[in-house]
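Enquirer: So the chains spell out like this:
Number of protein chains: 2
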Amino acid sequence: MELTGHSIVGGRPAEGEGTPFHAVEAATGRETGPLFRAATPETVDRACALAEEAFDTFRATDPARRAAFLDAVAQAILDIGDPLIVRCMEESGLPRPRLEGERGRTVGQLRMFAGVLREGSFLDARIDPALPDRQPLPRPDLRLRNVPVGPVAVFGASNFPLAFSVAGGDTASALAAGCPVVAKAHPAHPGTSELVGRAVAGAVAACGLPAGVFSLLFDDGIAVGKRLVSDPRIAAVGFTGSRTGGTALMALAAARPVPIPVYAEMSSINPVILLPEALATRGGAIGKAFVGALTLGSGQFCTNPGLVLAVEGPGLDAFLAGAAQALEGVAAQTMLTPGIHRAYGAGVAALDANEAVTRLAEGQGGGATQGRAVLFATSAAAFLDDHRLAEEVFGAASLVVRCRDLGEVHAVLARLEGQLTAALHLEAGDHEAARALLPLLERRVGRILVNGFGTGVEVGHAMVHGGPYPATSDGRTTSVGSLAIARFLRPVCYQDLPDALLPPELQQANPLEIPRRVDGRAGA
Amino acid sequence: MELTGHSIVGGRPAEGEGTPFHAVEAATGRETGPLFRAATPETVDRACALAEEAFDTFRATDPARRAAFLDAVAQAILDIGDPLIVRCMEESGLPRPRLEGERGRTVGQLRMFAGVLREGSFLDARIDPALPDRQPLPRPDLRLRNVPVGPVAVFGASNFPLAFSVAGGDTASALAAGCPVVAKAHPAHPGTSELVGRAVAGAVAACGLPAGVFSLLFDDGIAVGKRLVSDPRIAAVGFTGSRTGGTALMALAAARPVPIPVYAEMSSINPVILLPEALATRGGAIGKAFVGALTLGSGQFCTNPGLVLAVEGPGLDAFLAGAAQALEGVAAQTMLTPGIHRAYGAGVAALDANEAVTRLAEGQGGGATQGRAVLFATSAAAFLDDHRLAEEVFGAASLVVRCRDLGEVHAVLARLEGQLTAALHLEAGDHEAARALLPLLERRVGRILVNGFGTGVEVGHAMVHGGPYPATSDGRTTSVGSLAIARFLRPVCYQDLPDALLPPELQQANPLEIPRRVDGRAGA
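Those sequence lines, one after another, are chains A and B. So that you can map any letter, position 162 of the first sequence is 162 in the working numbering, and since no number is skipped, the others follow by simple counting. So that you can map any letter, position 446 of the second sequence is 446 in the working numbering, and since no number is skipped, the others follow by simple counting.
Isolated chain A, as found in the complex:
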């Protein structure tokens, strides 16, 4: 499949010659073909106009038909075959097994949402039947269902070129909700994006849906994204990326004549708390496992463990020894883009330059585009004194904060901003200490885990990949798992409508056979 380098609008390569840019091979920093073209302002407008035009038709499709469409998208991605993996390896520097796994995750997400559509609870269908004889006033017949919010702008992320990109979780959940998607490809993997974008557009056509259901826009600058978020036809935004990028989109969306929600997943250092008995029992083993999580994918995960908290003592020493030993054996890995590699280098240099911080251990060195893993340490007092130490260094760097007691652990956690995850390592004897920390963790993070690390985000019904600001822009939501669909829905109430005018979800006979709540109770 030859790449065209053009945005996809109306199911076809977009006409119009915008600013050109090249894809870059992550490993070499070299430009590679073809020449890509940033979408012109007219192309952005046309994508939004087609999305708006497609919306009423698309949202009126019954959930089973949208489920079949999502399954078709999944199959179309698989049908690209190995060229997708090869191009993605080239652009992202990520190894084959990781990308094959990520493709499986992407396809799995789409299929999970197909299941969500077939099951039907996402509609939150509710019926409060009329009570004509109620005193002092009769009660009308009230019925509620969720409807999609409108066309959604999705920004692909650099660090998951498949699972958080063109057909990633944001796109899958928006399409499942019934929202057309205008995706902005991340310039770190434009070829991968075009391949996936064509697969999605192909599935749109094969399923007989209006072509405006999906468009893909290229740009290696910010003009296209700004125009997209400001377009009055866009009703919501999904984004995974930097805090700077996310907060800029939030400001843009809030300043519109009609403000819209931005679901931005931005930054997190994911504290790991090592409790005393766990450290005493298996400090060295935890250290080794920690290095595995820290260096996975060169540390380029939103859930990468960037902060470790523990009380000083022999257990922590064992952890650090285990971690140092494991780290020594870790090869440097190609980072996603030269820019990310530079930023990582700057972050590591700033920690090295900080007098309160010690470099404890490091992985193997590597080439000009490769990230070397590093483990730093500081004291709780120093951490509390210097807010820069709580900033994310995107990559395989982590900071161990040595605490004098559990009070200091608590104090450090209390000072943190919102996070995606917190991990507790504990044994039975640590339960009391853990119990004292849980209320604080529940306020700071979206997911609390025990004896593991936040990397490896399961796609399921009980997952929360979200968290209080600035981990995300809206801590009431998740961008992974079936609950992600709720971001793109809003409730509408129908009062005293004749059955013939009600949507099928709410008709008396329940033709879609979906779960509905009657008078607030499930099971009718």
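Take the hints with a grain of salt, since some may be wrong.
Put simply, identical chains are the same to the list, so a pair is met inside one copy or across any two.
Taking lysine to any residue pairs in the SDA-like style, the calculated list, with each CA pair at most 25 Å apart, reads [stated by the list, open to error]:
| no. | residue 1 | residue 2 |
| --- | --- | --- |
| 1 | 288 | 211 |
| 2 | 288 | 98 |
| 3 | 288 | 137 |
| 4 | 226 | 247 |
| 5 | 226 | 258 |
| 6 | 288 | 139 |
The hints are simulated quantities; they were obtained by calculation from the structure and are not laboratory data.
Following the hints, put chain B in place on chain A, whose structure we already have.
Expert: Same frame as chain A, but now just chain B:
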């Protein structure tokens, strides 16, 4: 019960002498006692500090205990007895039967949320059990529940001194969620607010909850509200009022170092669409019923029908004749405040001054604080040409837009901003026309109703009192009905936690006996 004129913080009248102001009798415009004192900055800070301090204790109460607390608040409001109604009549100018009804609604809301707590679905408890043998990777045990967001600032509304005020829907849903509330009393009814505030504070004490669970702050300016919304301990805001006020709070909340959600219900003109067969069959009767809805409470409802759309012809003439005749018999009614009365007069004068608008009919004149109902008419072309005609005139004024055909009805609706409600009047022969309008209405409003008017918002499980911006700041939510609790909750995921560390909602034995979803399916 003698009024003190002081804010309530920590369960008692707040010390400190802020700017004084008086309550005003709505009917006479005269000041009445006692002297109220705006909360000082220190008082605002203390209310927020106590709310934050109370949060962890309050949210850890099990739902049944919070339900008992809400029931106690309801009873405490009833126990104030007639002095509450008398004071409220004086301050609001609203008649006794309306306020007795509104008290019933307020108490009913609190009890409904008690029921929501006992039922348990609001927690959205989900369990994806571990799959240790899954290939290629085992699945961890994942459990999700909703937790409250934190202390909530609630702004009382002028037009529902009980049901949307100190212990109204925002307060009831926030307390149900487990969020302490810092309420800002509306200066239009400070005495009513103090009476209700003391009832709530009394219930807090009687139920053995920390006093910081509820505070009440006075101010007849904007300083206290601004300080409150900017306080870092406040996690969300509930507001019902003007568009100016709501958008100012949104801007303030978005500009915080940690932005927070504002749930503002702001303005709506609630289009009424009269379809041809309904008009032909019973135009006059609809006109009469319309005047009942228009003039209820002097038109001071968020859901007041401020816009009527119909195709010209004998049916519309019958409607207008019926409406005009009914309107003649409607007495002028005291408006909520002299300021609201002045604004109503200005809105009516602007319509009178508009050359494209005709005054069709009016109610009886009245005293200096009373609103006279007025019915205006214009053409669809004029309406589409002048955006000022779509602005809300708060009070009993409505504008009939004469359309040449259903296409013009559609064009006018397409031009409208987001609304709380739209009402369709129809007969069986109108179904096709209605079906063509429904997709548009679903995008514009939160509630669609047939053969009725939006006034009279049922408090239930299927109610949506919300709608796209600027009807509300967040069209994904409702401020009335059981779904209102969702505004103050966020999900947290627990991965691989030992049962002993899980909250009761998620423990394997399900000690609270709440509904839970297992692997995405209800009924476990």
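Enquirer: Now, for every hint given, state plainly whether the structure supports it.
Expert: How the hints compare with the structure:
Taking the closest pair of Cα atoms, residue 288 and residue 211 never come within 25 Å of each other, the shortest separation being 50 Å inside a single copy and 48 Å across copies. With identical chains, the CA atoms of residue 288 and residue 98 are at most 25 Å apart within one copy only, with a shortest distance of 21 Å there and 70 Å across copies. Taking identical chains as interchangeable, the C-alpha atoms of residue 288 and residue 137 lie at most 25 Å apart only when they sit on different chains, with a minimum of 19 Å there against 68 Å within one chain. Taking the shortest alpha-carbon separations for residue 226 and residue 247, both the intra-copy value of 12 Å and the inter-copy value of 23 Å come in at or below 25 Å.
Proximity of residue 226 and residue 258 under a CA criterion of 25 Å is satisfied in both settings, with 15 Å inside one chain copy and 23 Å between copies. In the homo-oligomer, the alpha carbons of residue 288 and residue 139 lie at most 25 Å apart only across protomers (21 Å), although the nearest pairing inside one protomer, at 64 Å, exceeds that limit.
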